[in-house]
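Note that the protein sequences, when read in sequence, are chains A and B. Per the numbering used here, residue 1 is the first one in the first sequence, and the count goes up by one each step. Per the numbering used here, residue 1 is the first one in the second sequence, and the count goes up by one each step.
A portion of the hints provided could be inaccurate.
[Stated by the list, open to error] To give an idea of the chain A side of the interface with chain B (calculated C-beta under 8 Å), a few residues:
| # | residue |
| --- | --- |
| 1 | Pro-43 |
| 2 | Gly-91 |
| 3 | Phe-93 |
[Claimed, not checked] Lysine to aspartate or glutamate pairs mimicking EDC-like chemistry, simulated, CA-CA at most 16 Å apart:
| # | chain 1 | residue 1 | chain 2 | residue 2 |
| --- | --- | --- | --- | --- |
| 4 | A | Lys-98 | A | Glu-69 |
| 5 | A | Lys-41 | B | Asp-109 |
| 6 | A | Lys-102 | A | Glu-80 |
| 7 | A | Lys-41 | A | Asp-81 |
| 8 | A | Lys-44 | A | Glu-80 |
| 9 | A | Lys-44 | B | Asp-109 |
Read the hints as simulated data drawn from the structure, not as lab findings. All residues carry an ideal CB built from backbone N, CA and C; glycine is no exception.
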Amino acid sequence: IQLTQSPSSLSASVGDRVTITCRASQGISSYLAWYQQKPGKAPKLLMFAASTLQSGVPSRFSGSGSGTEFTLSISSLQPEDFATYYCQHLGYFGQGTKVEIK
Amino acid sequence: QLQLQESGPGLVKPSETLSLTCSVSGGSISSSGYFWIWVRQPPGKGLEWIASISYYGITYYSASLESRVTISVDTSTNEFSLKVRSVTAADTAVYYCARLRETLGNYMDYWGQGTLVTVSS
Numbered sequence: 001i002q003l004t005q006s007p008s009s010l011s012a013s014v015g016d017r018v019t020i021t022c023r024a025s026q027g028i029s030s031y032l033a034w035y036q037q038k039p040g041k042a043p044k045l046l047m048f049a050a051s052t053l054q055s056g057v058p059s060r061f062s063g064s065g066s067g068t069e070f071t072l073s074i075s076s077l078q079p080e081d082f083a084t085y086y087c088q089h090l091g092y093f094g095q096g097t098k099v100e101i102k
Numbered sequence: 001q002l003q004l005q006e007s008g009p010g011l012v013k014p015s016e017t018l019s020l021t022c023s024v025s026g027g028s029i030s031s032s033g034y035f036w037i038w039v040r041q042p043p044g045k046g047l048e049w050i051a052s053i054s055y056y057g058i059t060y061y062s063a064s065l066e067s068r069v070t071i072s073v074d075t076s077t078n079e080f081s082l083k084v085r086s087v088t089a090a091d092t093a094v095y096y097c098a099r100l101r102e103t104l105g106n107y108m109d110y111w112g113q114g115t116l117v118t119v120s121s
């Protein structure tokens, strides 16, 4: 299984809505998780089962999708959201999407 | 609150064996429904799953690393370990241990802070 994220990087401003896509090379039902990683830190679980928010994660994060196409959205980008985001299914990770400040 | 902590040498010589241990505190490694995993991240690159193990010893390995890697678990000490044999510079990475919940597609809900291992003579 290959997970392909797009875009690989994006520039956005505080308050923007941001959407990241993860495409699977074959159907994976809704079995996809999303992680946020800041420099020098371990990844942090944001979402599992495609759309279930992990406890403690702000509600501006949302996920959707099933089968082969999934999205992670941030409704109003905050300064602490600038990071790299990864999707994951079983032992496979996407290549990451870096969200940078415009 | 579950905590995971990696330990091991930060520098390993080429062709030698890299050995890391993950100590689990705040919970039992013998809890059902979880696997214990190692993931690595070369400098400036993405995440790569290495291996997984259950408390009762079921193991899974990345196909690309299977021939050089062994994962083990010690329920008496609440630890699990990783060995990578015949290392090269390509094995230089931050190594993370994590807990994988064996449900809804498997996801990693707790991570260690990571430990940088450099392969160099």
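To see whether the hints hold, each was checked on the structure:
Interface hint at A/Pro-43: satisfied, since its Cβ lies 6 Å from the closest Cβ of chain B, which is below the 8 Å cut-off. Interface restraint check: A/Gly-91 against chain B, minimum CB-CB distance 4 Å, threshold 8 Å, status holds. For A/Phe-93, the suggested interface contact is upheld, since its CB lies about 4 Å from the closest CB of chain B, less than 8 Å. Restraint check for A/Lys-98 and A/Glu-69: the C-alpha separation of about 19 Å exceeds 16 Å, so the hint is violated.
Taking the CA atoms of A/Lys-41 and B/Asp-109, the gap is about 15 Å. The hint holds against a cut of 16 Å. For the hint linking A/Lys-102 to A/Glu-80, the alpha-carbon distance of about 14 Å falls within 16 Å, and the restraint holds. For the given pair, A/Lys-41 sits about 14 Å from A/Asp-81 by alpha-carbon distance, which is consistent with the 16 Å threshold. The straight-line distance between the Cα atoms of A/Lys-44 and A/Glu-80 is roughly 13 Å, inside the 16 Å bound, and the hint therefore holds.
Between the alpha carbons of A/Lys-44 and B/Asp-109 the distance comes to roughly 8 Å, so the proposed pair stays at or under 16 Å and holds.
Of the numbered hints stated above, the single one contradicted by the structure is hint 4.
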